[in-house]
Every structure is written in structure tokens, then in C-alpha cells.
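K.L.:
Residue-level listing of the chains:
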Amino acid sequence: MTDAMTGETCRLSIAITNPQGFHMRPMQAFVETACRFACEVSVGIADKQPVNGKSMWGLLSLGAEQGMKIIIETTGDGAAEALKALAEVVERAYDEVPEPPA
Amino acid sequence: MELKRGIPVSPGVAIATALVVETEGVRIQRRTVDKSLIAAEIAQLRMALTKASADARENQNAISAKLGKQYGAIFAAHALLIDDPELVREIEQMIAQQNNSAEYAVSLVMRRHAKALESMNQPIFSTRSSDILDIEKSILKHLVGEQGDPLQNLREPVVILAHDLTPSQTANLNPKMVYAFATEAGGKASHTAIMAGVLEIPAVVGLGRLLTDVSGGDEVIVDGDRGIVIVNPDPETRERYLVLQKQSVSFARRLDELRDLPAETKDGTRALLMGNIEFPQEGPHCTDRGADGVGLYRTEFLYLNKTSEPDENEQYEAYLAVLRAMGPAKPVVIRTMDLGADKLFQVGDNHPHEKNPSLGVRSIRLCLRNLAMFKTQLRAILRASPFGDVRIMFPMVSTLMELRQCKMILADVKEELEEEGYAYNRKLPVGTMIEVPSAALMAEEMAKEVNFFSIGTNDLIQYTLAADRTNENVASLYNAGDPAVVRLIDRVIQAAIKHSIEVCVCGEMSGDPIYTMLLLGLGLRQLSMTPQNIPEIKKIIRSITIEEAKQVAQEAKRFETARDVNNYLREQTRRILPEVVVN
Numbered sequence: 001m002t003d004a005m006t007g008e009t010c011r012l013s014i015a016i017t018n019p020q021g022f023h024m025r026p027m028q029a030f031v032e033t034a035c036r037f038a039c040e041v042s043v044g045i046a047d048k049q050p051v052n053g054k055s056m057w058g059l060l061s062l063g064a065e066q067g068m069k070i071i072i073e074t075t076g077d078g079a080a081e082a083l084k085a086l087a088e089v090v091e092r093a094y095d096e097v098p099e100p101p102a
Numbered sequence: 103m104e105l106k107r108g109i110p111v112s113p114g115v116a117i118a119t120a121l122v123v124e125t126e127g128v129r130i131q132r133r134t135v136d137k138s139l140i141a142a143e144i145a146q147l148r149m150a151l152t153k154a155s156a157d158a159r160e161n162q163n164a165i166s167a168k169l170g171k172q173y174g175a176i177f178a179a180h181a182l183l184i185d186d187p188e189l190v191r192e193i194e195q196m197i198a199q200q201n202n203s204a205e206y207a208v209s210l211v212m213r214r215h216a217k218a219l220e221s222m223n224q225p226i227f228s229t230r231s232s233d234i235l236d237i238e239k240s241i242l243k244h245l246v247g248e249q250g251d252p253l254q255n256l257r258e259p260v261v262i263l264a265h266d267l268t269p270s271q272t273a274n275l276n277p278k279m280v281y282a283f284a285t286e287a288g289g290k291a292s293h294t295a296i297m298a299g300v301l302e303i304p305a306v307v308g309l310g311r312l313l314t315d316v317s318g319g320d321e322v323i324v325d326g327d328r329g330i331v332i333v334n335p336d337p338e339t340r341e342r343y344l345v346l347q348k349q350s351v352s353f354a355r356r357l358d359e360l361r362d363l364p365a366e367t368k369d370g371t372r373a374l375l376m377g378n379i380e381f382p383q384e385g386p387h388c389t390d391r392g393a394d395g396v397g398l399y400r401t402e403f404l405y406l407n408k409t410s411e412p413d414e415n416e417q418y419e420a421y422l423a424v425l426r427a428m429g430p431a432k433p434v435v436i437r438t439m440d441l442g443a444d445k446l447f448q449v450g451d452n453h454p455h456e457k458n459p460s461l462g463v464r465s466i467r468l469c470l471r472n473l474a475m476f477k478t479q480l481r482a483i484l485r486a487s488p489f490g491d492v493r494i495m496f497p498m499v500s501t502l503m504e505l506r507q508c509k510m511i512l513a514d515v516k517e518e519l520e521e522e523g524y525a526y527n528r529k530l531p532v533g534t535m536i537e538v539p540s541a542a543l544m545a546e547e548m549a550k551e552v553n554f555f556s557i558g559t560n561d562l563i564q565y566t567l568a569a570d571r572t573n574e575n576v577a578s579l580y581n582a583g584d585p586a587v588v589r590l591i592d593r594v595i596q597a598a599i600k601h602s603i604e605v606c607v608c609g610e611m612s613g614d615p616i617y618t619m620l621l622l623g624l625g626l627r628q629l630s631m632t633p634q635n636i637p638e639i640k641k642i643i644r645s646i647t648i649e650e651a652k653q654v655a656q657e658a659k660r661f662e663t664a665r666d667v668n669n670y671l672r673e674q675t676r677r678i679l680p681e682v683v684v685n
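First to last, the sequence lines map onto chains G and R.
FYI, my numbering numbers position 84 of the first sequence as 84, with every residue one higher than the one before it.
FYI, my numbering numbers position 290 of the second sequence as 392, with every residue one higher than the one before it.
Certain hints may be false.
Output of the computed footprint for chain R on chain G, the stretches with three or more beta carbons under 8 Å from beta carbons of chain R [claimed, not checked]: (1) 24 to 34; (2) 82 to 88.
Listed below are the simulated DSSO-like cross-link pairs for lysine-lysine, each with C-alpha atoms no more than 30 Å apart in a straight line [stated by the list, open to error]: (3) R:LYS106 <-> R:LYS408; (4) R:LYS171 <-> G:LYS84; (5) R:LYS348 <-> R:LYS408; (6) R:LYS278 <-> R:LYS137; (7) G:LYS69 <-> G:LYS48; (8) R:LYS106 <-> G:LYS48; (9) G:LYS69 <-> R:LYS217; (10) R:LYS509 <-> R:LYS529; (11) G:LYS48 <-> R:LYS217; (12) R:LYS509 <-> R:LYS368; (13) R:LYS239 <-> G:LYS69; (14) R:LYS368 <-> R:LYS408; (15) R:LYS457 <-> R:LYS477; (16) R:LYS278 <-> R:LYS239; (17) R:LYS408 <-> R:LYS550.
These are computed hints drawn from the structure, not numbers from a lab.
No residue lacks a Cβ here, since even glycine has one placed at the ideal position from N, Cα and C.
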């Protein structure tokens with residue numbers, strides 16, 4: 001998926017540690033972060049086709065559960081910086097939504 | 103093709119286009135637009151997406167303020183999903199390339215995503231598909247508006263698919279347009295299921311996840327005999343079901359020919375076949391099948407789902423409706439309220455918890471403790487009595503004392519009506535259900551107190567064998583052919599004959615063809631059953647002689663186990679009428 005014209009491609013493999021998997025809220029933070037950068041962001045998982053990291057629907061379709069590894073790949077302007085920010089989002093411990101008040 | 107299994111609650115087979123009814127009533131019917139209007143359709147879509155996204159953001163703020171940021175974030179995610187350029191592209195393609203309307207394209211794409219998520223088989227992700235349905239609804243709201251009841255004003259035949267239908271929604275379905283329905287939720291005893299039977303719409307409930315697999319416009323088969331729903335059948339399956347659909351119609355037609363013929367044995371013994379009904383609308387189902395009357399009019403519907411007791415006039419009208427349908431000459435046996443305390447409005451609230459409700463304060467026991475409520479029902483029944491052959495029946499009587507109490511209260515109510523100047527039938531026949539073993543054992547004494555017996559086999563079997571048939575671990579004990587049950591029924595019939603009172607069987611046993619010869623042979627001349635079963639039972643009666651039936655009963659009484667009794671009866675039924683379906 002490397003775009004030869006822009007040159008810079010960064011890649012990182014991270015394990016999902018959250019018991020609820022890569023769920024709605026980290027996904028939302030991930031997409032919001034990715035959209036702040038001009039570079040392309042793709043996210044892949046073992047045997048699945050990588051998806052657009054700026055698309056919630058794409059990330060949803062990955063079905064990344066706890067223990068799985070996701071591969072983030074950024075290509076283009078600010079790729080390295082974007083990758084660092086995105087890795088932080090994935091690694092950040094998300095407090096689970098507590099039970100709603102009765 | 104996709105096959106789902108659920109609980110069959112109303113027989114019949116139907117094939118038609120799916121109409122998906124969302125819980126909140128948004129309808130997504132297939133609609134195509136002219137090529138020249140595609141640009142306009144896409145503009146509409148974009149506007150709807152913008153508005154839906156703004157709604158989600160608004161929700162995010164409101165919920166964050168109210169419950170905390172982490173809850174609001176869920177709606178931020180919704181907004182992102184709605185704004186997602188990939189989603190927009192996907193929906194626009196559906197419009198531009200296939201001429202689909204914006205709302206139909208939205209529903210197609212959303213279903214595709216929801217289904218993909220569910221197929222991952224991860225509980226966490228599958229719960230997310232409800233988020234998708236939520237998003238879909240919020241977009242559709244801006245495309246088709248908040249609609250009224252989508253079930254009204256149907257213009258073409260459909261099969262309705264829904265998460266659940268309320269009894270009132272079901273009750274208002276138009277059987278001419280709604281060929282069948284299938285729901286994700288629901289069980290055999292739900293009122294939705296019962297209403298489907300009433301309307302004679304084939305129905306399957308309790309299917310589990312279904313809606314995510316279907317788009318409005320898909321072809322769907324509902325097999326209410328086997329509890330199967332098939333979405334987009336392959337050509338072979340479709341062909342098979344078209345044949346089945348025709349066959350069931352022709353079998354029904356053959357039985358229909360029996361409608362005006364009496365239920366009479368070959369040697370001229372006449373039996374009365376009556377219908378069991380639950381709602382006033384079912385009266386015509388009995389007359390349509392040539393029923394000799396209504397042998398059991400359940401009145402629980404008057405009390406269920408109510409916040410207060412039904413008033414006298416409401417009940418009176420409900421009774422009159424059935425009398426009008428049956429005409430002045432055919433008997434209508436009205437059973438007084440037969441519910442547990444837990445099912446009742448104010449009574450339920452201050453009712454102590456029961457460890458064992460089926461042996462607790464229910465049915466007549468509850469009525470005898472709530473005299474005002476009981477008397478209201480008796481007044482309504484008595485006031486309806488001049489307008490037909492009304493009979494009154496008390497359920498779950500277990501002792502003579504209870505029966506005498508009921509009769510005393512009835513006498514009180516008659517006196518009141520007399521004073522108030524209301525007309526009623528002074529000779530109103532009074533009967534008791536025999537559904538508790540103690541009552542069956544005391545049948546001789548009970549017979550002296552009443553004009554008729556009605557044997558409620560469902561409860562009689564349950565209490566005799568001490569087995570709840572909905573509990574799968576003991577359900578096999580529950581058996582109408584059990585010798586203990588047969589002996590009790592025999593005893594009750596003989597007591598009735600001895601004291602020259604009428605006796606009827608009104609449990610499910612009476613509609614099961616394998617027991618027809620046995621019951622007739624024991625001396626029974628009245629059976630009351632689900633109206634749909636009348637033609638088949640009539641066919642059996644018209645195919646035998648009373649001597650044959652007596653021999654079958656004699657023989658059946660000699661067996662010592664339920665299995666032997668049933669095997670024998672099955673064999674005899676097949677011999678008489680091979681085409682009858684014997685389970």
C-alpha cells in the first residue's frame with residue numbers, strides 16, 4: 001500500500017488489551033485523531049483486507065477483539081507523527097462505561 | 103436463501119414481499135426513482151445525513167451533561183458513523199446505480215453493515231448492530247418523516263416482519279393484505295400469538311435475530327405449520343412452497359365441504375362440536391366451520407393488560423358480540439375469569455408472593471376473594487342472557503363448598519338485577535369445570551349441583567400427573583392418554599350420564615383426532631375445541647359407528663401405560679382415516 005510519490009510510510013503492530021476489544025469509543029478517538037492528519041491511515045488485522053483508518057465503518061468491520069494485533073500504517077505528510085498519536089490512542093486505557101444509573 | 107426457525111403459533115403457509123416494521127414504526131418499502139430524479143434524491147440524502155449527524159451531536163451534548171461524558175461519546179461515535187465519507191459513497195452508489203430511493207438505499211446499506219457485524223459472532227460486536235439500527239432510524243426520520251402506523255393502508259400483500267408486535271397492532275392487521283407475520287420476540291402463549299390464531303394469519307414468533315437479514319422488498323416464506331421463515335428462497339424451495347400453499351388451501355376446501363353436515367356417526371349418533379374462543383371476534387370462526395355453539399368462551403382478555411377492572415357494560419358488550427355471531431339458538435358457554443392473582447391489576451399489587459401460583463389463589467379462588475369484581479362479571483353475563491343460549495361456567499372448582507358458594511353469589515346477583523328491573527334468563531344453565539382431580543373424584547356429588555360439566559383436560563392432566571407441560575424435564579409425564587387421566591374422565595362422564603346432565607370436554611384433547619373415538623366410546627357427546635379443528639374431528643365422527651367407538655374405548659381402558667394407550671389409539675385412527683395427520 002506504500003505510495004511511492006509521498007515517500008514516507010510508517011507501520012506499527014499493536015495488541016488490543018482492552019477486554020471489550022477495540023470498541024466504539026477508542027474507535028471514535030482513533031478516527032478523530034486520524035482525520036487531523038493529512039496522511040493516509042490504514043488499519044489491518046491478521047488475514048483481513050486493511051481498512052481506511054479514517055472511517056468508523058472500516059474500523060467496525062475489523063472486529064478487533066482483546067488479544068488481537070492490529071497493524072497501523074500511515075503514508076504521506078506527517079505519517080510518523082500521526083502513527084505516534086494513533087498508537088497512543090490505542091494504548092490509552094479507556095475506562096469502561098459503567099452501568100448506567102438506574 | 104436464509105432459513106430461520108422459530109415457534110409456530112398460527113398454521114398456514116404464505117409467500118409474499120417483506121414489510122419490515124421497526125419498533126418505532128418506520129417503514130422501508132422498496133421504491134425506485136426515475137433517472138432524472140437521482141440527483142435530487144442524492145441531495146435529499148445529503149441533507150438527511152447532515153441533519154442526522156447534527157441530531158447525534160446534540161444528543162452527545164445533552165447526554166454528556168446529564169449522565170457524563172462517556173455516555174455522550176457513544177453519540178459522538180454515531181455522528182462519526184453518519185458523517186463517514188465511505189458510508190455516503192456507498193449509499194449514493196445504491197441510488198445512482200440501481201435507481202433506489204434514498205430511504206431504501208439507506209436501509210439496504212445499514213442492513214448490510216449490521217449483518218456483517220453480527221456474523222462476526224462476537225457478543226460485543228453484535229450488540230453494536232443495535233447502534234446501527236439506531237443510526238438508520240435517525241437518518242430515515244429525516245427522509246420519510248415520523249410516520250403513523252405503517253400497518254394501516256397497505257396497498258399490496260405483504261409478510262410482516264418485526265421485532266415484536268403488540269396485541270393491538272396484531273389485532274388491527276388486515277388479513278387480506280397481511281399474508282403472514284414473523285417476529286423476533288414472543289412465545290406460544292403471548293397475546294400476539296393468540297391474536298394471530300384469531301385472525302387466521304400464519305405466524306412464527308421467537309425467531310431471534312431476523313430483521314438485520316431482511317430488507318423491505320425481499321421475498322419471504324412464512325411456514326406457520328413448521329415454524330420456519332425463509333428469506334429470499336431459492337427457486338426450488340419457492341416452487342415447493344407454492345405447491346404447499348395450494349395444497350393446504352385445497353385440503354381446507356375439502357374439509358369446508360363438511361361444514362353444513364352434522365357431526366353424526368355412520369349409525370346415526372349425533373355429537374355436538376363446539377368452538378373454544380378467547381376474543382369476541384372469534385365468534386365467526388365457529389360459525390364458518392359449522393360449530394354447534396361456543397363450548398368455552400374465555401373471558402380473561404377483559405382483564406389482561408388493563409389498569410383497572412373492566413366495567414359491567416364493557417363486559418356485557420363483549421358477551422353480546424358473540425351472541426350476535428352465534429344467533430339465538432346455539433349455546434354459548436361463558437367461563438368466569440380464570441386468572442392468577444399475579445396477572446391482575448390492583449389485586450396483584452397487594453397480593454402476597456406465592457411459592458406455587460398454580461396451586462395458589464387463582465381463578466375461582468381469586469373471584470371468591472374479590473366479590474365485587476366477581477359480581478360485576480356475573481351481572482354482565484346475566485344481563486346478556488336474554489339474547490341467546492347463554493350458559494355460565496365456573497373454573498377450577500375443587501370442592502363442593504366452592505361450587506355452592508358460587509351458586510349463592512349468583513343467586514344474590516340475580517336478586518339484585520331483579521330489584522333493579524333488569525331482564526335475565528331465570529333458567530340460565532350453570533355448570534362447573536372439572537379440572538381438578540378432587541372435583542373429578544366427587545363428580546357424583548357435583549353432578550347434583552349443576553346443569554352441566556365441562557372437563558378441562560389441560561389442567562386435569564397437569565394436576566393428576568403433577569407435571570407442568572412447559573417444563574421440558576417433566577413434560578413427558580403430561581399425557582392425555584395416561585390411564586389415570588382416562589379413568590378420571592370416564593368417571594366424570596358416567597356421573598353426568600347417571601344424573602342426566604350434559605358433559606363436554608373442552609381441553610386440547612378434544613381437538614386431537616386420536617382421542618375422538620375414545621371419548622365418544624366413553625359416552626361423551628359434546629366436544630369443544632379450537633374452531634380450526636372442528637372439520638377434522640367431524641370427519642372422524644362421520645367415518646365411524648358408535649359401536650366401533652365403544653369397542654375402542656373398552657380396549658383402550660385395558661392398557662396400563664400412556665404409551666400403550668396412545669399407540670393403540672393412533673393405530674385405530676389411522677385405520678379409520680389414513681389421511682388424518684396423526685402426531
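K.L.:
All the hints need checking, so say for each whether the structure fits it.
P.N.:
We went through each hint and held it up to the structure:
1. Against chain R, the region 24 to 34 of chain G contributes 6 residues with a C-beta closer than 8 Å to a partner C-beta. That satisfies the three-residue criterion, and the hint holds.
2. Under the rule that three or more residues need a Cβ within less than 8 Å of chain R, the assignment of the region 82 to 88 of chain G is violated, with 0 such residues.
3. For the hint pairing LYS106 of chain R with LYS408 of chain R, the CA-to-CA distance comes to about 34 Å; that exceeds 30 Å, so the pair is violated.
4. As the CA atoms of LYS171 of chain R and LYS84 of chain G are separated by approximately 25 Å, the hinted pair is consistent with the 30 Å bound.
5. Taking the CA atoms of LYS348 of chain R and LYS408 of chain R, the gap is about 41 Å. The hint is violated against a cut of 30 Å.
6. For the suggested pair LYS278 of chain R and LYS137 of chain R, the alpha carbons sit about 34 Å apart, so the restraint of at most 30 Å is broken.
7. The suggested pairing of LYS69 of chain G with LYS48 of chain G holds, with an alpha-carbon distance near 12 Å, which does not exceed 30 Å.
8. For a cut-off of 30 Å, the pair hint linking LYS106 of chain R to LYS48 of chain G stands: about 29 Å separates their Cα positions.
9. In summary, the hint linking LYS69 of chain G to LYS217 of chain R is supported, as the alpha carbons are separated by about 24 Å, within the 30 Å threshold.
10. At most 30 Å may separate the alpha-carbon atoms for a hinted pair to count; LYS509 of chain R and LYS529 of chain R meet this at roughly 13 Å.
11. The hinted pair formed by LYS48 of chain G and LYS217 of chain R meets the criterion: a straight-line CA distance of about 17 Å does not exceed 30 Å.
12. With a CA separation close to 40 Å, the supplied pair LYS509 of chain R and LYS368 of chain R exceeds the 30 Å bound.
13. Taking the CA atoms of LYS239 of chain R and LYS69 of chain G, the gap is near 34 Å; set against the 30 Å cutoff, the hint is violated.
14. For the hint linking LYS368 of chain R to LYS408 of chain R, the alpha-carbon distance of about 49 Å lies beyond 30 Å, and the restraint is violated.
15. Taking the CA atoms of LYS457 of chain R and LYS477 of chain R, the gap is about 28 Å. The hint holds against a cut of 30 Å.
16. The suggested pairing of LYS278 of chain R with LYS239 of chain R holds, with an alpha-carbon distance near 29 Å, which does not exceed 30 Å.
17. Between the alpha carbons of LYS408 of chain R and LYS550 of chain R the distance comes to roughly 37 Å, so the proposed pair goes past 30 Å and is violated.
Hint violations for this structure: numbers 2, 3, 5, 6, 12, 13, 14, 17, all remaining hints satisfied.
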